[in-house]
Each structure stands twice: as C-alpha cells, then as structure tokens.
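There are 2 protein chains.
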Amino acid sequence: MKKLFKPDLYVALVHYPVVNKSGNVIASAVTNLDLHDMARAAKTYGVKQLYVVTPLADQKELAQEIISHWTSGAGSTFNPKRRQALELITIKDSIEDVLQEIFSVEKSYPKTVVTSAKDSSGCTSFAEFHELLEEANPYLLIFGTGWGLAEEIIVQSDYLLEPIKGNTDYNHLSVRSACSIILDRLIRG
Amino acid sequence: MKKLFKPDLYVALVHYPVVNKSGNVIASAVTNLDLHDMARAAKTYGVKQLYVVTPLADQKELAQEIISHWTSGAGSTFNPKRRQALELITIKDSIEDVLQEIFSVEKSYPKTVVTSAKDSSGCTSFAEFHELLEEANPYLLIFGTGWGLAEEIIVQSDYLLEPIKGNTDYNHLSVRSACSIILDRLIRG
Chain A
10 MKKLFKPDLY VALVHYPVVN KSGNVIASAV TNLDLHDMAR AAKTYGVKQL YVVTPLADQK
70 ELAQEIISHW TSGAGSTFNP KRRQALELIT IKDSIEDVLQ EIFSVEKSYP KTVVTSAKDS
130 SGCTSFAEFH ELLEEANPYL LIFGTGWGLA EEIIVQSDYL LEPIKGNTDY NHLSVRSACS
190 IILDRLIRG
Chain B
10 MKKLFKPDLY VALVHYPVVN KSGNVIASAV TNLDLHDMAR AAKTYGVKQL YVVTPLADQK
70 ELAQEIISHW TSGAGSTFNP KRRQALELIT IKDSIEDVLQ EIFSVEKSYP KTVVTSAKDS
130 SGCTSFAEFH ELLEEANPYL LIFGTGWGLA EEIIVQSDYL LEPIKGNTDY NHLSVRSACS
190 IILDRLIRG
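Taken in sequence, the protein lines are chains A and B. For the first sequence, my numbering assigns the number 10 to the initial residue and increments by one for each residue that follows. For the second sequence, my numbering assigns the number 10 to the initial residue and increments by one for each residue that follows.
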C-alpha cells in the first residue's frame with residue numbers, strides 16, 4: 010500500500026435529488042449510521058471533508074444534532090475517536106454549494122465523480138480513477154441515498170465510476186458498504 | 010478480478026463474548042443495520058452463510074423479527090433483493106454451535122479466522138488468507154461487535170487477520186465497513 014498517497018479527495022452523500030423505488034425524484038431522509046460509518050471510513054482513508062447534502066430544514070437539523078452529540082456533546086468525551094470522524098462532516102443544501110466551498114479552499118473546482126450500482130458504458134475504472142487522483146487536482150466523489158442519484162446529477166458529472174462487483178451477480182450493497190469498499194480500492198490502488 | 014473464485018467461506022457476527030469500552034466481557038445488543046449491511050455484503054461476495062451469534066433470548070427474537078420481515082413478511086415482496094441477502098442469516102447461540110453446523114454441511118470443521126482492529130504479532134495478511142481460501146477448505150471469518158471479540162475467542166482461533174489500514178493512523182471503522190472491505194480484499198485477492 011502507498012501509505013502516503015493522500016489525494017485531495019472529498020466525498021458527498023446526497024439526499025436530494027435522488028430517486029425512489031419507482032424512479033421518481035425525491036429527497037430522502039438522513040440515516041444516523043450513514044453519517045457514522047461514512048465519516049469513520051472517510052477519516053480512515055484521508056478524505057478531506059464529508060458533505061451531507063439535503064435542502065430540507067428538518068433533515069439538516071437532525072444531521073446537525075447527530076454531529077453535535079459526538080463533536081461537542083456527551084459523545085465527544087465518551088468516544089473521542091467518533092468525534093474525530095464526525096468532525097469531517099459539513100451539511101450543505103446542494104451539490105452546487107459543495108462545489109463552491111471546495112473552490113473556496115482549493116482555488117479550483119473539483120472534478121465530480123458519481124457512483125452507481127448500475128452498469129453503464131463509458132464508466133471510469135477504479136484503476137483509472139486512482140491514476141487521476143495522483144494528479145493532485147481536487148475530486149468530489151458523490152454517493153446517492155434512496156435508490157440512487159437522480160439522472161440530472163449523473164449526466165452533469167465529469168466521471169461515472171464503475172460499479173462494485175463481487176464474485177456473484179448480486180450488486181445491492183448499502184451506501185455505507187459501497188463507500189467503504191470504494192475508498193479502500195481508490196486509496197490502495 | 011477472478012470472477013469465479015468462490016471459496017467455502019462462512020462469516021459470523023458475534024455478540025457474545027465481546028468486550029465493552031472498559032474491556033469487560035459482555036453480550037452486546039443486535040443492531041438492525043449490521044444484519045442488513047453484512048448480509049448484503051456476504052451475498053455480493055458469495056459467502057455461504059452469515060451467522061448471527063447471541064445467547065440472549067430477546068436478542069435472538071429481535072434478530073429473527075428483522076430477518077422474517079424481509080424474508081417472509083411485507084419486506085419480502087417490497088424488496089426481493091433484500092430478501093435474498095437476509096436469507097443468508099442463521100441465528101446461533103454460540104460459536105461452537107456455528108462450528109457444528111458447518112461441520113454437518115462440509116463434513117469437516119472450518120478453520121477459524123478472527124478479525125481485530127488492533128495490531129498484533131503473528132497476523133495473517135490478506136494475501137495469505139486469500140491463498141488459504143484457494144485450498145478449498147471451509148473457513149469461518151469471525152467479527153466481534155462492541156469493542157471487539159473477547160480474548161478467549163482470539164486465542165482459540167486458527168488465524169488472526171491483519172487489521173485494515175488506510176492511509177492514516179485512524180483505524181476505527183464500523184463492523185459493517187470492516188466486513189465489506191475485508192470481503193472485497195479477500196475475494197479479489
């Protein structure tokens with residue numbers, strides 16, 4: 010493993026716009042363990058920031074309560090390791106707002122890379138994305154909740170990452186598992 | 010990727026004996042999303058059976074309710090893919106019972122491989138374990154909940170798998186993330 014491979018990688022977990030089971034565009038609910046698991050994976054693999062994207066006021070409040078409990082509330086002293094992870098999270102209204110914030114830090118807009126469980130033509134492989142990350146430009150890796158990212162987000166992205174495949178034809182991992190595996194593959198190369 | 014590499018691999022998620030934050034041996038509570046995420050990862054990577062180990066009657070009942078909702082209840086028709094994953098789960102009182110069941114199927118006892126986030130001497134690397142899996146003997150990969158498996162389980166096991174390392178010194182992944190990454194590394198080789 011290249012221990013010191015620390016690309017300028019950002020991750021976004023998107024709750025809007027995503028699709029539901031019927032393919033309709035919805036805003037999904039924030040899930041407590043998505044935040045914990047993805048923050049811990051992000052911290053393990055040197056991700057610079059984990060953005061939780063939702064425009065819904067009550068969902069932003071819920072996400073903030075979860076984060077605050079572990080970063081400044083009772084959880085922060087009970088489990089400081091959890092604090093370190095959850096401190097990586099910033100809540101944003103939209104992917105556009107995420108791009109603006111990364112621009113303000115990096116002085117350039119990140120390339121966007123969307124993830125999907127579906128096979129598509131023109132996907133970028135894990136090996137290709139690993140090579141891109143070596144070029145020292147910022148990248149934003151985008152995960153959808155619900156039944157996946159809305160088509161409008163996929164078509165606007167710079168890259169579509171190939172789906173994770175195991176040794177079966179079953180490809181229904183949770184977003185928590187998918188994020189963990191993808192970060193491991195990308196950083197290990 | 011070796012697409013047809015399908016070893017005789019079993020996974021156990023252990024709720025007793027595990028340790029709590031203070032290092033005391035406890036029985037931990039069953040967590041809904043552990044079952045979902047680990048079953049979906051197990052199904053993706055061709056694991057033959059996922060054992061949920063707890064001796065507590067109420068926790069066995071809770072686990073069975075979660076499984077039944079998705080395998081024969083309302084969830085089974087709402088989301089058949091979830092059914093396929095959760096059908097992999099069998100609830101057992103103890104690791105000993107798991108070993109007996111695997112023996113009854115495989116006609117030999119599996120080698121046991123415990124996982125830990127801690128560095129230890131004499132660990133088996135992912136590459137070494139992948140090679141062992143190619144030898145067509147059954148293996149049982151054991152994950153602990155809480156703050157990890159009790160020492161008595163670790164010392165009795167045949168192998169101790171090396172901990173997952175990212176590109177940082179942070180190593181506090183959830184058991185759901187760890188299981189997903191470990192299966193991906195083992196099956197891909």
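Simulated from the structure, these hints should not be mistaken for lab results. None of the values given here were measured: they were computed from a predicted structure. Errors might be hidden in some of the hints.
[As the list claims (entries may be wrong)] So, partial list: chain B residues that the calculated Cβ filter (under 10 Å) puts toward chain A:
| # | residue |
| --- | --- |
| 1 | 14 |
| 2 | 69 |
| 3 | 174 |
| 4 | 182 |
| 5 | 186 |
| 6 | 187 |
Where a beta carbon is used, it is the ideal one built from N, C-alpha and C, also for glycine.
Legend entry - residue 187/B as chain A interface residue, shortest Cβ-Cβ below 10 Å: holds (8 Å)
Legend entry - Restraint outcome when residue 186/B is required to lie within 10 Å of chain A by C-beta distance: holds (4 Å)
Inset, instruction - Under 10 Å, Cβ to Cβ, is where residue 14/B needs to be relative to chain A, so tell me if that hint holds or is violated. - result: Status holds, d = 6 Å.
Inset, instruction - Using 10 Å as the Cβ threshold, decide whether residue 182/B counts as touching chain A. - result: holds (5 Å)
Inset, instruction - Double-check residue 69/B for me: the hint is only fine if its C-beta lies closer than 10 Å to a C-beta in chain A. - result: At about 22 Å, which exceeds the 10 Å cut-off, the nearest Cβ of chain A leaves the hint on residue 69/B violated.
Inset, instruction - May I ask you to test the interface hint for residue 174/B with respect to chain A, counting a Cβ-Cβ separation under 10 Å as satisfied? - result: Nearest chain A Cβ about 7 Å off; hint holds.
Consistency with the previously given hints fails for number 2 only.
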